[in-house]
Amino acid sequence: MPNLTLSLTRVHSTRYLEKLLMRRVKKGPMIRTNCIRGTILALSVCLGVIVLFSSCASNESKAKKAIQEYMKNQGVTDLTMDSFFTSSSVPGKAYTSATVTYNFATSDGKPQREFLGFILAQEGNGWRIERNVSYTKEEQQALRILSGQK
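The end of the sequence shown is residue 155 by the working numbering, with every number in the run present.
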């Protein structure tokens with residue numbers, strides 16, 4: 006008698022496993038579809054972020070080029086962009102700050118460095134320097150300067 010019970014339990018457990026497998030097989034294509042949709046969504050978001058950051062980087066590089074052109078006759082050896090801000094309230098203009106290193110030294114013997122701020126105006130696809138302003142890395146201060154406040 007114990008053998009009969011044992012064999013019925015095995016048959017029952019086998020049928021249970023078959024049912025579980027069939028459920029998974031039936032849901033397989035739906036799971037794959039959801040997985041593919043999730044992958045496509047994730048790739049779309051990544052692509053959007055890349056496009057957003059590349060456009061910002063493009064504006065910064067164009068601004069850096071405008072500053073290099075402006076400073077080319079002043080003996081600049083290194084130009085580092087410290088910040089770049091635009092505002093929707095002041096379209097077509099931007100604030101940028103830069104650290105400039107010159108090819109001459111201070112009395113200490115270290116290269117002369119200067120911290121500069123600029124208001125840029127959009128000109129075609131690039132930027133041109135409209136005027137020099139005070140230096141800041143803070144966004145709120147830069148936006149105040151950009152809007153004409155001190």
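You may find that some hints are simply not true.
To be verified - Think about it this way: if two alpha-carbon atoms lie no more than 25 Å apart in a straight line, the pair counts; the simulated SDA-like pairs of lysine to any residue are:
hint, residue 1, residue 2
1, 67, 48
2, 98, 128
3, 77, 45
4, 77, 141
5, 98, 119
6, 70, 42
7, 70, 95
8, 69, 24
9, 69, 131
10, 98, 47
11, 69, 104
12, 70, 136
13, 70, 114
Keep in mind the hints are simulated off the structure, nothing from the lab.
Values in this document were obtained by computation on a predicted structure and should not be read as measured data.
What hints, given by number in increasing order, does this structure fail? 1, 3, 6, 8, 10, 13
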